[in-house]
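Number of protein chains: 2
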Amino acid sequence: MSSTSLSFGSRDEHRAWLASQAALPRGFRTGTTRFEFRPFELPSKVAKMTLTLIALDTPTPDFAAMFTKNAFPGAPVKIGRKRLAEPALGAIVINNKISNVCAPGGEAVAERLCAEVASQLQLSPGAVLPCSTGIIGWRLPVESMITAVPASVAALAGRSILPAAEGIVTTDLYPKIRRAAVGDGSIVGIAKGAGMIEPNLATMLVYVLTDLAVPREQLRAMLTPACDSTFNRMSIDSDTSTSDTVVLMSSGKVPCPDLGAFERALHQVCADLTEDIVRNGEGVRHVLRVRVSGAPTEALARALGKSVVNAPLFKCAVAGNDPNVGRLVQAVGKYVGAHAPEVDLSRTLMQLGGITIVENGEFFLEPSKEAELVAHLRGAELYASKPDAAGLFSPPVDYPPHERCVEVDINLQQGSASSTVLGADLTHEYVSENADYRS
Amino acid sequence: MSSTSLSFGSRDEHRAWLASQAALPRGFRTGTTRFEFRPFELPSKVAKMTLTLIALDTPTPDFAAMFTKNAFPGAPVKIGRKRLAEPALGAIVINNKISNVCAPGGEAVAERLCAEVASQLQLSPGAVLPCSTGIIGWRLPVESMITAVPASVAALAGRSILPAAEGIVTTDLYPKIRRAAVGDGSIVGIAKGAGMIEPNLATMLVYVLTDLAVPREQLRAMLTPACDSTFNRMSIDSDTSTSDTVVLMSSGKVPCPDLGAFERALHQVCADLTEDIVRNGEGVRHVLRVRVSGAPTEALARALGKSVVNAPLFKCAVAGNDPNVGRLVQAVGKYVGAHAPEVDLSRTLMQLGGITIVENGEFFLEPSKEAELVAHLRGAELYASKPDAAGLFSPPVDYPPHERCVEVDINLQQGSASSTVLGADLTHEYVSENADYRS
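Sequence order for the protein chains is V and S. Numbering-wise, the first sequence is residues 1 to 439 according to the numbering used here. Numbering-wise, the second sequence is residues 1001 to 1439 according to the numbering used here.
Everything labelled a hint here was simulated from the structure, so no lab data went into it. Incorrect hints may appear among the rest.
Partner residues aside, some chain V positions facing chain S, computed with beta carbon under 7 Å [said to hold, decoys possible]:
#, residue
1, Ala71
2, Glu359
3, Phe363
4, Ala435
Just some of the chain S residues that point at chain V, by a computed CB distance under 7 Å [said to hold, decoys possible]:
#, residue
5, Pro1043
6, Ala1103
7, Pro1104
8, Asp1239
9, Ala1311
10, Gly1320
11, Thr1356
12, Glu1359
13, Phe1363
14, Leu1365
15, Pro1367
16, Ser1368
17, Val1431
18, Ala1435
Source: prediction; values computed, not measured. In this text, a Cβ means the ideal position worked out from N, Cα and C, and glycines have one as well.
Working from the sequences, and respecting the hints, build out all of it.
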């Protein structure tokens, strides 16, 4: 899906490239501040939180947003849905560390924070959108947050989106920024997301800013299909966050020369961010790109792709550079057997890295293929896995060394629909990250 | 679901208990043999296979079987479905290491093996049921297997089912045997299964033998609900094997005094084997037992339970004895948001180890609860996790130290239906096992 094929040899090289992408569209400023607090639920620990503001010079009526379909949405998501009816949006206030989901009094606390930001920026409270990400179930340290608002307001600057891209992350290894130009204007997006990621109609925290003047109704009409064909076609771990949010807003500073070009550029920024999110997923060592074609419907093609990228045994095999392609067949057969038993798999063609492994529903393996398949897997590996002295695993890089994927092609030869889904392997690094995330 | 609460201090203690359960029902014999071969797909390696026979003294018309719903079933599954129409079953021939799924000519090879076994046991080829488990995609070493048949026939003995329970395993840590008595007869079941386990209407390899005389039609009518309420309510890793098979057969040597008692005993043997399979799942350190009650339908209760036991982030938290209960809420909300958005979660009550964590849809956490929740998780841990010198993780025990579970209770307060689902944590041991399974 990505338009690019980048590679980086070091963190500095990657940061320099990010900086080159980071110029804010006209009419926006961002500011962040970091502070310590003691969580209500674990008062023996000192935790750190970053508060990030994205502010418009002038409130805009032209914004769109999509939110998680998880049936336990966070308080900020509930408030965000209401904000869609507001006449204008002036700022977004974002915190990491605690997601404010199902916490007692969560909505009231989020509204208090919005009111404080609004008061300092001379906005109405309804013009401030709150977003939170982090631990589910804990309460926001609202007093500490309100104390921190003036510092983040003071930090507001209109040059680079990089501090905001860094401010919103949790377990992400690196910030994610993508941009596209349309005429004299630009579309710039940032994303947070590393785990609990199989979005359902919206995703993680994504903010897409543009100075191109596109009216609210058109922004909203474009955001749904853009999310649907990008963020909604990935899964890092099949889990759907309670906080997923995508916001798109226009400062309207630059006339839009071509709405079609704007929509294509929006799609590209979303697609590029999608790949960034998967590549920087928790513990990800290989990105999987599964293209299902020849399907009777697009929905089936997508569901089959999801079944493959969510099959733990196939994911583990990929982690070990082990071309255990039987596990791929299992994942396809599992989905079809359970959900689409009418589909005939007898003509199925499967390829891994362009090498045919299944033809007409039968394996097509030879001893000589093993080495080629291993080479394809190794070529897509982002880094070698190695435990530290304590037996814990963590990625040795904090930048994306390359953009190669493990390429899986499944042609059912049963129709003309297709879909491409992104996913990741299942690694020791994922388990280390998540078996003791809070301590 | 289990009727027992066993614990074992050592492998020897566990084996002694297995031996006490292992007496074969009248009318059955089992035999195994182990041999080396070079796989067609990886001829540089020498692999080992065990061939196991389960034979009746006299072929029986009274048998039942259920098979995987995976849409890429193995050749033995395809043949097994045909065998259901045969007048009688006389023997089962089972191999581990290679599952004979989608392999070119797979059915012909399996039939050749059945014919060889039939010829040596004076049966018709249609009276022999083949079963294979192991790597998907590879070809069976049929010549080596046929050469090994006489040794397994010579090994046939009518005393203990333990050699067969040991012969059918792959990555299992220990054999699994459960029994129940009805009148003067018995029901004895064995199971193989450790990974690729979320059965769909049948499961792994399970053989249930009885000497109680129960006619074919009644055996078949009883097997479906027994599987449905036991094997079909567990998931180790959400993957559905291409080889899942459950066979139930009666030698008819003992009159059955009470069909109701037989059905209850059959259910109990299946339920006990289900818990054994989960507890011995690949890399499992904690067994999860999720009871969903107050649901509008049983199907929803079961699906919600499955969503919890298959949520990677919750599974990782459990592995780390980390009561990250937010991830539990995420898993419930993910399913309801995607599949049952009409369900009202605002009155939901959730407990972990009997401790209330969510009430009326809001978290009910206090600092003091953290230690109690951690204690519950630690109490259900089967062993401590520690990498070896090479950084690989494997379980330090090959017996089940206890039968305690992580107990999750979710009451939706929306109806009277309920379901209990078994699952497991997601551990370094699982990744180590599966990232390099074949080498």
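Comparing the hints with the structure gives:
1. Of the supplied interface hints, the one on Ala71(V) holds, with its beta-carbon coming within about 4 Å of a beta-carbon of chain S, less than 7 Å.
2. Annotation: interface hint on Glu359(V) violated; nearest CB of chain S at approximately 10 Å, more than 7 Å.
3. Using the Cβ-Cβ criterion of 7 Å, the hint placing Phe363(V) at the interface with chain S is satisfied: the shortest such distance is roughly 4 Å.
4. Because the smallest distance between the Cβ of Ala435(V) and any Cβ of chain S comes to about 3 Å, under 7 Å, the interface hint for this residue holds.
5. At its closest, the beta carbon of Pro1043(S) sits 6 Å from a beta carbon of chain V; the interface hint therefore holds under the 7 Å criterion.
6. Restraint check, Ala1103(S) versus chain V: the minimum CB separation of about 6 Å is within 7 Å; hint holds.
7. Contact between Pro1104(S) and chain V, as hinted, is supported at the beta carbon level, the nearest pair being about 5 Å apart and thus within 7 Å.
8. Contact between Asp1239(S) and chain V, as hinted, is supported at the beta carbon level, the nearest pair being about 5 Å apart and thus within 7 Å.
9. Interface restraint check: Ala1311(S) against chain V, minimum CB-CB distance 6 Å, threshold 7 Å, status holds.
10. Of the supplied interface hints, the one on Gly1320(S) holds, with its beta-carbon coming within about 3 Å of a beta-carbon of chain V, less than 7 Å.
11. Taken as an interface hint, Thr1356(S) does not check out: its beta carbon lies about 13 Å from the nearest beta carbon of chain V, beyond 7 Å.
12. For Glu1359(S), the suggested interface contact is broken, since its CB lies about 10 Å from the closest CB of chain V, more than 7 Å.
13. Among the interface hints, the one on Phe1363(S) holds; its C-beta lies about 4 Å from the nearest C-beta in chain V, closer than the 7 Å criterion.
14. The beta carbon of Leu1365(S) is positioned within 7 Å of a beta carbon in chain V (closest approach about 5 Å), and the interface hint is therefore held.
15. This hint holds: Pro1367(S) has a C-beta 6 Å from the nearest C-beta of chain V, less than the 7 Å allowed.
16. Given the 7 Å rule on beta carbons, the hint for Ser1368(S) is violated: about 10 Å separates it from the nearest Cβ of chain V.
17. A hinted interface residue such as Val1431(S) counts as satisfied when its beta carbon comes closer than 7 Å to some beta carbon of chain V; here the least separation is about 5 Å, so the hint holds.
18. Checking Ala1435(S) against chain V by beta carbon gives a least distance of about 3 Å; that is within 7 Å, so the hint holds.
Of the numbered hints listed earlier, those contradicted by the structure are 2, 11, 12 and 16.
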